[in-house]
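Order-wise, the sequence lines are chains A and B. Okay, so the first sequence: first residue is 1 according to my numbering, each after it adds one. Okay, so the second sequence: first residue is 1 according to my numbering, each after it adds one.
For the record, the hints were derived by calculation from the structure and aren't laboratory data. Careful, some of the hints might be misleading.
To be verified - When the alpha-carbon atoms are kept at most 16 Å apart in a straight line, the in silico EDC-like pairs for lysine to aspartate or glutamate are as follows:
id, chain 1, residue 1, chain 2, residue 2
1, B, K11, A, E151
2, B, K23, B, E44
3, B, K3, B, E54
4, B, K23, A, D70
5, B, K11, B, E73
6, B, K41, B, E78
7, B, K41, B, E81
8, A, K158, A, D129
9, B, K3, B, E73
10, B, K11, A, D150
11, A, K41, A, D70
12, B, K41, A, D70
Claimed, not checked - Derived, one-sided and incomplete: chain B residues facing chain A with beta-carbon distance under 7 Å:
id, residue
13, P17
14, A21
15, N69
16, V71
All residues carry an ideal CB built from backbone N, CA and C; glycine is no exception.
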Amino acid sequence: MRFAVPVFPGSNCDVDCLRAVEDVLGVPVEPVWHQERSLSKYDAIILPGGFSYGDYLRTGALARFSPVMDSVMEAAEWGKLVVGICNGFQILLEAGLLPGAMRRNDHLQFRCDIQPLRVENAELPFTRDYREGEIIHIPIAHGEGNYYCDEETLAELKQHNQIVFRYTGENPNGSVDDIAGIVNRRGNVLGMMPHPERAVHDWLGSVDGVRFFTSMLAYWEENHGAA
Amino acid sequence: MIKATIVVMLKPSVLDPQGSAVKGSLHSLGFEEVTEVRIGKRMEVWLNTDNRAEAEARVAAMCDKLLANPVIENYTFELEEGA
Chain A
1 MRFAVPVFPG
11 SNCDVDCLRA
21 VEDVLGVPVE
31 PVWHQERSLS
41 KYDAIILPGG
51 FSYGDYLRTG
61 ALARFSPVMD
71 SVMEAAEWGK
81 LVVGICNGFQ
91 ILLEAGLLPG
101 AMRRNDHLQF
111 RCDIQPLRVE
121 NAELPFTRDY
131 REGEIIHIPI
141 AHGEGNYYCD
151 EETLAELKQH
161 NQIVFRYTGE
171 NPNGSVDDIA
181 GIVNRRGNVL
191 GMMPHPERAV
201 HDWLGSVDGV
211 RFFTSMLAYW
221 EENHGAA
Chain B
1 MIKATIVVML
11 KPSVLDPQGS
21 AVKGSLHSLG
31 FEEVTEVRIG
41 KRMEVWLNTD
51 NRAEAEARVA
61 AMCDKLLANP
71 VIENYTFELE
81 EGA
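For reference, chain B alone in the conformation it holds in the complex:
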């Protein structure tokens, strides 16, 4: 088994209303040093394969096709064997 941990974030150029709201709350709690908050998604996907190269290609395809929207989001992922 290979576990893929995928992180999807809004592109830096795209306004993140959730992040802005959380930043405002942090400021009101006194964390005034916070200059920006961006909120994304973390997904964990288990693949029934031991072939790392193949898993990498398959996870990238999943991200391109469904897990991220390339119009507004970027993604990164890490693979962990034997998870």
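This is chain A alone, in the form it adopts within the complex:
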């Protein structure tokens, strides 16, 4: 299984994602500059956190039109695994690969903390190594993570079990229905505000992100062999 991490001007969690895949899975992973047009040799794509294009206009709005995003859309269509973490989640929303939009945190603070999350759906390629209802601890760091969708979309997300992670305890940004991460209807495109790549070693304060990556590898090998 080969991972790609597209790097936009302003991405700053790209190296964290590369290191997490290397350290946890030991499979090939490469940074891909945002002007690259083909991702065909990769099986999974992680859009990293940061401030793509300075977050000018709106978070993720300009990155969504980077050349690499066409091949991210294609990869999603082929059923490859696509993850957007933090700014990557914002880009997936702007690209329409996931429903909804992102607003500023309701209290206007930038929040940097280790946040408890509840795993709401443990049957996905990204969560099969967790237990449903399990509380995990994953770092957050964002000023604009206040997920919004209208009531109709929320009902659809619930109906199709697309809410993957919810904040427990305090909701750190005011997101609708305490949503921290969602997946598309097909289950191969996931966006989340918390950073699992920053929770893969004891010295980082949590290892609860490890199973996010092991889930992806286990899913891929089961469905596509160990190639």
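Please arrange chain B on chain A, whose structure you already have, making use of the hints.
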């Protein structure tokens, strides 16, 4: 040349945390009559055309595609010729 002045605002149904914060500060300054503040973006875009109808269609397309997010925002714009 035609200049388009575009205003993008959060939809009325969407919470505007910046506006709420500014309202709170206005209240603390004694402007207690303020009942609501909404903050948006004003953009000025110059188009190399003299065709008003065409400019209108192009600016609307820009707003739909990039300048506003239709999930949470509305937009309006005005065109000014010879600007």
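Interface hint status, B/V71 versus chain A (Cβ within 7 Å): With a closest approach of 4 Å, the B/V71 hint holds.
Cut-off 7 Å, beta-carbon criterion: hint that B/N69 touches chain A: holds (5 Å)
Chain A contact restraint on B/P17 - CB to CB distance below 7 Å: holds (5 Å)
Distance restraint between B/K41 and B/E78, which requires alpha-carbon spacing of 16 Å or less: holds (14 Å)
Holds or violated: B/K23 to A/D70, with C-alpha atoms at most 16 Å apart: Status violated; Cα separation ~41 Å.
Agreement of A/K41 and A/D70 with the hint, judged by alpha carbon distance not exceeding 16 Å: holds (15 Å)
Restraint check for B/K41 with A/D70, where alpha carbons must lie at most 16 Å apart: violated (28 Å)
Evaluation of the interface hint that places B/A21 against chain A, nearest CB under 7 Å: With a closest approach of 5 Å, the B/A21 hint holds.
Agreement of B/K3 and B/E73 with the hint, judged by alpha carbon distance not exceeding 16 Å: violated (22 Å)
B/K11 paired with A/E151 [C-alpha distance capped at 16 Å]: Holds, at about 15 Å.
Restraint check for B/K41 with B/E81, where alpha carbons must lie at most 16 Å apart: Violated: B/K41 and B/E81 sit about 22 Å apart, past 16 Å.
B/K11 paired with B/E73 [C-alpha distance capped at 16 Å]: holds (5 Å)
Consistency with the previously given hints fails for numbers 2, 4, 7, 8, 9, 12, ordered from lowest to highest.
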